[in-house]
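Asker: The primary structure of each chain is shown beneath.
2 protein chains.
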Amino acid sequence: MAFLPDSVEDLYLGIDGGGSKCRAVITSEDGRVLGEGLSGPANPCFGVERTITSILDATEQALAGAGLTPEDKGRLIAGVGLAGVNLPHLFTAVNEWRHPFLRMYLTTDLHTACLGAHEGKEGAVIIVGTGSCGFSSVNGKTLNLGGHGFLMGDQGSGGWIGLQAIRAVLLAADGLGPQTVLSGLIEELLGCKGLSMIEKMVDAPSRSYAKIAPLVFAAAEQEDSAAIEILKTAALYISALAQKLLKTKPQRLSMIGGVSMRLLPWLDATVAEQVRDPLEQPEFGAIYFAKQQIQDQQAVQKNQHETAS
Amino acid sequence: MAFLPDSVEDLYLGIDGGGSKCRAVITSEDGRVLGEGLSGPANPCFGVERTITSILDATEQALAGAGLTPEDKGRLIAGVGLAGVNLPHLFTAVNEWRHPFLRMYLTTDLHTACLGAHEGKEGAVIIVGTGSCGFSSVNGKTLNLGGHGFLMGDQGSGGWIGLQAIRAVLLAADGLGPQTVLSGLIEELLGCKGLSMIEKMVDAPSRSYAKIAPLVFAAAEQEDSAAIEILKTAALYISALAQKLLKTKPQRLSMIGGVSMRLLPWLDATVAEQVRDPLEQPEFGAIYFAKQQIQDQQAVQKNQHETAS
Chain S
1 MAFLPDSVED LYLGIDGGGS KCRAVITSED GRVLGEGLSG PANPCFGVER TITSILDATE
61 QALAGAGLTP EDKGRLIAGV GLAGVNLPHL FTAVNEWRHP FLRMYLTTDL HTACLGAHEG
121 KEGAVIIVGT GSCGFSSVNG KTLNLGGHGF LMGDQGSGGW IGLQAIRAVL LAADGLGPQT
181 VLSGLIEELL GCKGLSMIEK MVDAPSRSYA KIAPLVFAAA EQEDSAAIEI LKTAALYISA
241 LAQKLLKTKP QRLSMIGGVS MRLLPWLDAT VAEQVRDPLE QPEFGAIYFA KQQIQDQQAV
301 QKNQHETAS
Chain Z
1 MAFLPDSVED LYLGIDGGGS KCRAVITSED GRVLGEGLSG PANPCFGVER TITSILDATE
61 QALAGAGLTP EDKGRLIAGV GLAGVNLPHL FTAVNEWRHP FLRMYLTTDL HTACLGAHEG
121 KEGAVIIVGT GSCGFSSVNG KTLNLGGHGF LMGDQGSGGW IGLQAIRAVL LAADGLGPQT
181 VLSGLIEELL GCKGLSMIEK MVDAPSRSYA KIAPLVFAAA EQEDSAAIEI LKTAALYISA
241 LAQKLLKTKP QRLSMIGGVS MRLLPWLDAT VAEQVRDPLE QPEFGAIYFA KQQIQDQQAV
301 QKNQHETAS
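Heads up: the sequence lines are chains S and Z, in that order. Start counting the first sequence at 1; every next residue gets the next number (our numbering). Start counting the second sequence at 1; every next residue gets the next number (our numbering).
There could be a bad hint or two in this list.
Derived CB-CB ranges, DEER-like [to be verified]:
{"#": "1", "chain 1": "S", "residue 1": "His89", "chain 2": "Z", "residue 2": "Thr53", "range": "27 to 35 Å"}
{"#": "2", "chain 1": "Z", "residue 1": "Gln243", "chain 2": "S", "residue 2": "Lys200", "range": "25 to 33 Å"}
{"#": "3", "chain 1": "S", "residue 1": "Val33", "chain 2": "Z", "residue 2": "Thr53", "range": "38 to 46 Å"}
{"#": "4", "chain 1": "Z", "residue 1": "Val300", "chain 2": "S", "residue 2": "Gln222", "range": "46 to 54 Å"}
{"#": "5", "chain 1": "S", "residue 1": "Lys200", "chain 2": "Z", "residue 2": "Gly31", "range": "36 to 44 Å"}
Hints were generated in silico from the structure; no laboratory data involved. Everything numeric in this text was worked out from a predicted model, so none of it was measured. Backbone N, C-alpha and C fix where the C-beta goes; we use that ideal spot for every residue, glycine too.
Can you build the whole structure from these sequences, using the hints too?
Answerer: What follows is the structure in C-alpha cells.
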C-alpha cells in the first residue's frame, strides 16, 4: 500500500456481478487501482439480497485493500454492472436498494463489459460464461441479444454446455445416443452414478452445470462424438450472435467470460478472426459507466443553466 | 348408484398420478367400476405432501361416487402408479407414507400404464404427456427409458415442446431464428409480450409449458417452419424410443398421454403402424398391479408352506 487516497478526493467503485461471482475494484479519479475484491454470486435472478451481500462483501475487500475502512463506502461513486437487470423488475429491485455509496449508477453487466473491453469506447461484446449473451453500442444505439437464462436461452454458455453433456449421458444410458466418455468424466466430477446424477443436479444452479463444461472440451479433444456435437451446436449459436452484432458495424468485437477462449477455435472462421482481446475487465467498464453518467448529468445541468440565463 | 358394495367384500383402488393430475378408480373384486375421482398434480418430484393430498382427494371423490364414506378407505386395497418413483428416494418417501388403506402397492406410472394398456398382460408403452418415457415388460424383464424430467430429459413431451416453442420465440425476437406465428400465439396465451414471457415462465412447472404444446401443433398446421422443426425433433426422439422398445419384442405397443395422439402422425411410419390403442386406463393398470402383487405373495406363502410341511 504505497498510495493512500486523499481524504477529500472522489473514489470510484466498479462492480461486475454475474451468476458465479462478483468483482469489485476501487480506483482514484485518475484511474489508479487502489484495491480489489472478489465474492460470490451477484445475479439478482437468484436473489436480490444475495446480490447485495456479494456487492458489499467484494466492496469491503476492495476498501481493505485500499487501506480504507468499511465506513469509507460513503466516499465511493459506484458503477454497478449486473446480470439479470435487463429484466425491468430486477433493475427496479436493485436500483431501489438504499445503498451506502455516495452515488450508484446501475446498468447491465453486458453494458459495463462492453465499456471495459473497449476502454470506455463503443463497440460490441459477447459474454460466454455461466450464461451467454451479446451486446453492441454503436453511435448511441444499443442492441441486446440473448441472455434469456439457463432454461429458455443461454445457448453456447458453460451452463448450457454442461446441461447438454448430462443430456448426452442420459441418452447414452438409454441406448438412444452414442456412448460417450462424458459418462465416466461426469460421474467422477459429481461423485455419483447413473440416475442419481439427475437427483444431484435437478435443483442445481446453472453455475454447477457450467463446472461440467471443461469436461466437454476435454472429451472433444479425445474425438468424443457427443462432445463434438455439443460444441459445434454451441459455436453455431455464438457465431450467429457475433454475425448479428457485426452487422451493427462496431469498431471492435470482444469475447469475454470463462468459456469464451475455449470456444473461440470452434467458431465460424470469418467471425473468429474479427474477435479482439478485451482491453480492460468489466469492473473497470462499470467505472467508465459511472463517469459517463456524471458527465451526462453535468452536461444536462449546464444546458439547463444556459437555457435559463 | 345401483350397486352398493357388500360391507365385507374387498374393494380395489387404482391410482394414476402424474405431473398434471391424479386419477382414482374404485372397483369391486370382479372389476365393476364403483366410483372415480380426479384431482391435482401427484408427481412426488414436485412434493411428496402434495402427491399424498392429491391421492387422498381423488380417493375420497371415488368413495363418494361409490356411495361410501371417507372412513371406508380402510377397506381399499390400493394399487398406486406414480411418476417420479423411479428415483429411489422418492419411491421410499411415498412408500413410507402411513397410508389409510388396507394395503398399498406402489410402482411407477409407467408400469401401471403398461398393465392398463394391455389388460394386465405384458407389453410396452410410451407416455407422451407433460413428460415422456418408455417402458416394456416382456417375459418378466422390464426396460425403462427416458423419464429424466423436464430439465434433463422428457424430449418430445408436452413440456419439452412448450419449452422449445418459447426458445423459438426468443430466438426469433433476436433475429437468430425464423419468424414464427408462435410469437403471437404464445403472447396471447400467456397474456404478456416480449421479455416478460421469461419472467412469467422462469419458475413455472413443466405442466405450464405443456399447455403451450397445442399451439405448436396448430402452428405446424399453418406450415410454420419453427413449429414443424420442433415437432420433427420431438417425433425423432419418440420414434427412437419406440424402436428401442420394439426390440424387446412386446406383444403390443401403446402410446398414452395428452400429446400422444397428436404426435402419432409425426412418427416414423414403421413405428406408427405398430402402435395399438390402449385397452384400459392406467388407473385400472394400478389395480391389476395390486392383484398381481397379492397373487405373488400368496404363491410365495404357499411355496413356503409346502416346503415346510
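Asker: Each hint needs a verdict: does it hold in this structure or not?
Answerer: Hints, verified against the model:
1. S/His89 x Z/Thr53: 27 to 35 Å: 32 Å, holds
2. Z/Gln243 x S/Lys200: 25 to 33 Å: For glutamine 243 of chain Z and lysine 200 of chain S the Cβ distance comes to about 30 Å; the hint holds.
3. S/Val33 x Z/Thr53: 38 to 46 Å: 58 Å, violated
4. Z/Val300 x S/Gln222: 46 to 54 Å: 50 Å, holds
5. S/Lys200 x Z/Gly31: 36 to 44 Å: Check passed, 43 Å falls within 36 to 44 Å.
The structure is inconsistent with hint 3 alone, although it conforms to all the rest.
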